[in-house]
Every structure is written in C-alpha cells, then in structure tokens.
Amino acid sequence: MKLSSISRKLLRIASSKRRFLNSLFSLGVVLSAILVVAPLFIILVSVAIKGGRALNLDFFLSLPKAVGESGGGIAHAIVGTLFMVGTGLLFSIPIGVASGVFLATTSNKRLSAIVRTSADCLAGVPSIVTGLFVYALLVVPFKRFSGFAGAVALSIIMLPTITRTTEEVVRMVPHDLFESAIALGAKRWQAVFRVVLPTASRGILAGFIGAASRAMGETAPLMFTAFGSHFLNLNPFEPVSAIPLVIFNYAISPYEDWQQKAWAASLVLTFLVLGGIIVSRRLVYGRFG
Amino acid sequence: MGGLDSKMVLDENGSWSDRIMKASFTGDLEDHPKLAKGFDVKMRIERLTAGYGKRNAITDISLPIIKNRVTAIIGPSGCGKSTFLRCLNRMHEVLPEAFVSGRVTLDDVDIYGEDIDPTDLRRRVGMVFQKPNPFPTMSIRNNCLAGFLLTSKKVRYPEEVVERTLRKVGLWDEVKDMLDRPGTYLSGGQQQRLCIARALAVEPEVLLMDEPCSALDPIATARIEELIHELCSSVTIVIVTHNMQQAARVSHFTAFLYMGRLIEYGDTPTIFTRPKESLTEEYITGRFG
Chain A
64 MKLSSISRKL LRIASSKRRF LNSLFSLGVV LSAILVVAPL FIILVSVAIK GGRALNLDFF
124 LSLPKAVGES GGGIAHAIVG TLFMVGTGLL FSIPIGVASG VFLATTSNKR LSAIVRTSAD
184 CLAGVPSIVT GLFVYALLVV PFKRFSGFAG AVALSIIMLP TITRTTEEVV RMVPHDLFES
244 AIALGAKRWQ AVFRVVLPTA SRGILAGFIG AASRAMGETA PLMFTAFGSH FLNLNPFEPV
304 SAIPLVIFNY AISPYEDWQQ KAWAASLVLT FLVLGGIIVS RRLVYGRFG
Chain B
56 MGGLDSKMVL DENGSWSDRI MKASFTGDLE DHPKLAKGFD VKMRIERLTA GYGKRNAITD
116 ISLPIIKNRV TAIIGPSGCG KSTFLRCLNR MHEVLPEAFV SGRVTLDDVD IYGEDIDPTD
176 LRRRVGMVFQ KPNPFPTMSI RNNCLAGFLL TSKKVRYPEE VVERTLRKVG LWDEVKDMLD
236 RPGTYLSGGQ QQRLCIARAL AVEPEVLLMD EPCSALDPIA TARIEELIHE LCSSVTIVIV
296 THNMQQAARV SHFTAFLYMG RLIEYGDTPT IFTRPKESLT EEYITGRFG
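Protein chains in written order, with the numbering used here: chain A, 64 to 352; chain B, 56 to 344.
The shape of chain A in the complex, shown without the other chains (with noise of 0.2 angstroms):
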C-alpha cells in the first residue's frame, strides 16, 4: 500500500518535468520558425514603405533628371538588368542543361564527380570574385567597361544553378520513358531530347527563372564590369546601368531624392526577385509550393 502510493507520486512528478520539458522546447521551437520568417518580414514591409512613396508609372518609365529637378525613373536601370540577365542566359542555358544531361545520365563516376564538385566551387565563389576574375578577362583587354563583360559575369553565377538544378530534375524522370524510347528504336539523343528533357522541362524552366532571378540582385560583380550609367545605353559595349547598381549610387548619394529613388528601387527589385522565386518554386512544386 505504501509503496504503491510512492511509486505514484514519483510518476506524477516526472511526468510534470515531461510536460514541462515539452512545452519548454515546443517554444523553443517555435519561436525559431517565427525568427526565420521574421526578417524577410521586416524587410518586405520597410521597403514597401520607404519605397512605395517615390514609386510611380513614371519612375519605370523614364530616365534619371539631373540632381535638383524632381521626377525621372529608373527605366536604363531596368533596361539594363534585362539586357545583361538575359544575354548572360544565353551562354548559361546551352552549357548548364548539356552539362546537367550530361551528370543525370553518364556513367563516368570519375568525370561526373570532377564536373559536379567544381559547379558547386563555381556556385561557392564569392560573387565579387566572380566580377573581379571578368574584369581581368574582358574589361582590362579592352580598356572598356560594358554591358556584354557584365553578362558574362552574370552568366557563371547562374551556370552552376542550372546545371545543378538541370541535374536533379532530369534525374526525376523515371527511367523507363528513357528506355522505352530506346526501345522504340530512338538512338540516345533523341531519347533524351524528345522524351526526358520535354517531360522535365518544367523544372528545367524553374532552375532558369531560379538562377534568373538571383542573378537579378547581383552588385558586385556588377561594379567592376557594366560600371553603370545614367543613361538608357542600347550598346553592349559601353557601360550599362542595372537596378542593384542605381541602389548603391543613390544609396550612398547625399541626395534625399536619389535616396528615396534608391528604396523605390530596392522595392522593384525585390519583387523581382521574389516574384522569380515564387514562380520557380510553383513550376516545380505546383500550385502551393
């Protein structure tokens, strides 16, 4: 009788320290999550605000005005980060989906490894260096900065993400649609261009915009090869302006016009670059991704 009495009080005890350890780390763990979300928050909404005032259909539209005058936009800004993304794509593309067939389907361990090992280096190298190392290779040469050194630059950032991201997806393809083409008589090639890369070309696309839309907020390696300039400049071999690089200069400007135009550019930029990532993560995850 006594002892079984004991024995319960001393279970009601430890399962009081259970509760209370388990409620200690339930918190714990939860007050994590809320510190992961909570600057993106914070960000987003100071930006928004700061930004949304000097935020209008003209501040896309036109260019810079002289310091004083009121008014102008960003417009060589957003020319020029189009521009170099998109030419830079069109050296990543070719490269980063035959080097990322070339990982999901070979059976060269040693080669494969040596490739997969130095594009996650290459995704490793400090952007600036990246800048630094095109700077060397095309702007000292010409003893010119342009809008062309720039996409190059931009160029081997997003070549490890699309090989990468390549990789991966073509390896979700089941290999049986690989080998049923084969066995219809399709010689490897048309394997896998006619059947593994159209049914994966959706996450293909997601590690385009992906790799796309970081790219977008790239600076540094921005600063020693499209330089910037305050002008809408249609020639790839002049310096060209791009919206991280209107962020810095206005930022650091004495201005108080140039550093309100600097939030508004930070606002389109992250959305930009938000928006990219959302929709490559719903291209591959559907709708809720």
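These are computed hints drawn from the structure, not numbers from a lab.
Heads up, some of the hints might be wrong.
To be verified - Computed cross-link-like contacts, EDC-like style, restricted to lysine to aspartate or glutamate with a CA-CA straight-line distance of at most 16 angstroms:
{"#": "1", "chain 1": "A", "residue 1": "Lys250", "chain 2": "B", "residue 2": "Asp175"}
{"#": "2", "chain 1": "B", "residue 1": "Lys186", "chain 2": "A", "residue 2": "Asp239"}
{"#": "3", "chain 1": "A", "residue 1": "Lys250", "chain 2": "B", "residue 2": "Asp172"}
What the hints assert, rightly or not - Reference listing, derived: stretches of chain A covered by chain B, where coverage requires no fewer than 3 residues with Cβ under 8 angstroms from a Cβ of chain B:
{"#": "4", "region": "216-223"}
{"#": "5", "region": "251-262"}
Fair warning: this is a prediction, and the values are worked out from it, not measured in the lab.
Beta carbons: idealized from backbone N, C-alpha and C, even for Gly.
With chain A fixed as given, assemble chain B onto it according to the hints.
Okay, now just chain B, sitting in the frame of chain A:
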C-alpha cells in the same frame, strides 16, 4: 561427417548447384522431337551469358523462340528473367557495365553481329515494360506514333496507324474522342494497352513483355491476357511473368529460369503437368520462390 549428413537430410537430390548444372537445357530443338515438328523458330538463343560488371545475371542459356507463339519466362525474383529478355532486343547493353556473350539470332541472323544497328533491331523486336509508362508530354495520338516521331521517320497516313493500332489493343472505342489528351490521362490498364499500341505501331516481328500485368488490377490483367492471345497470330511474343497461372493461361511454351540458368524448357502443358526436373515442380507447386 556430421555436416555432410545434415546436408543429405536437407536435400536428398544433391546440392542446389549440382542440380542446376545437371538440368541445363541444351536448346537444340532436335532434342525435343515433339517441338521440332511443325514450328518455325523465330529467334534462337545459344549459350547466352550476360550480366553487369563482374557478376553474371544469366549463364549459358540456350533456347528457341517459336514463331507466332507465346513463350513465357518464369522463375523467382532475381533469376535473370528480365536480363534475358533485355538481351533479345539489345536493351541490356544500354545499362552501365553490362556485358553479353553467346549468340542470339533473329531469322537466323546474329543480332549481335557487327553490321547490325541496334536501333533498327529494336524496331523489329519491340518491348513493353512492367509499369505503364506513356510519354507524359505526348498526347494519346502522339504516343501511338512515338516510334516514328522519336526517330524522325515519316508516316504516310498517321491517322490510319493510330486507329489501326488502337483497335488492335481494343482501346479505340474508349479513346477515339480524346486523342489529344495526354497519355497519362488514362487509367492504368488503358495506359498499358496504349504502351502496347505504341510498341505495335512500328510493326515489330517480336514483342517482348516484361511483367506487363504486375502493376494492374485483375480485370485489366484479363484484358491484356486476352490481347496477348489475339496478337500472337501476327507477332511472336516473349513474356516474363511472376504469375504462374498467367504463364499457364497465355503461353504455348515455357522456360523456367533459376539462379541465372535455364532449368527446363518445353511446351506449357508439359511443364505445368509433367515437369522433368524436380526444381521446376517445386517452383510450380509453390514450394519455393
């Protein structure tokens, strides 16, 4: 001594490997006077050994495939049934580190000969896989025509080919109003019949089926079995199956494989009622495998 005794008790007919070696069938039709009469041989497999890396999957298999008849390959999992099947249209060599030795002839021509293009061979020897796998990016119509579309071969009257092959597999009435829907829109059994139609569209002489019903429900299975029965008047069929009742129902000839070797081959009624080898009997009556 004790060890030997216990082994004798376990297996009174001798060790497994001895029995497998003794049972190996020579593959000469002349050994089977009953078979040799009145049948044409479509494919002849002689001393076929194949595997991956250094491991043999099948060893020294010799076997005739009788024209316009159904040959069933039975045996427990991992006995080499699929590898055997894949050697008949040279799909085996698509996998990394695969090797093949021996001779396989189609109409008395060695399919591993130097002047044989495997892609041409695969059009003559079609294949249907275990899981229904219509190409997800193609419509029902284009799935039927895949053998032409993938290999850039011209079709004179595509609509006729589509209707004829879909009728052959009994799918025409079910899908004629939705030929532009994706192939994956259909039910599992319909998808498998579409895959058979896809294989038949290029008019192969031999059709290899690798457990074509194992992913299907009993009704869909019955339809496929019926279809096999109808098809074998114009096509030579080799079917791998786990299901012994199915082998008994659909096939005219049966080969029993065990641990990569051919244990017994003969006409299906004999194999299922009066097998020569005790291994065959034990497998068919469900004592192992």
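Hints versus structure:
For the hint linking Lys250 (chain A) to Asp175 (chain B), the alpha-carbon distance of about 10 angstroms falls within 16 angstroms, and the restraint holds. A C-alpha spacing of about 8 angstroms is found between Lys186 (chain B) and Asp239 (chain A), which places the hinted pair at or below 16 angstroms, so the restraint holds. As the CA atoms of Lys250 (chain A) and Asp172 (chain B) are separated by approximately 10 angstroms, the hinted pair is consistent with the 16 angstroms bound. Coverage of the region 216-223 of chain A by chain B is violated in this model, with 0 residues showing a Cβ closer than 8 angstroms to a Cβ of that chain against a need of three.
With 6 residues bearing a CB less than 8 angstroms from a CB of chain B, the region 251-262 of chain A meets the requirement of three and the coverage assertion stands.
When held up to the earlier numbered hints, the structure conflicts with hint 4 and nothing else.
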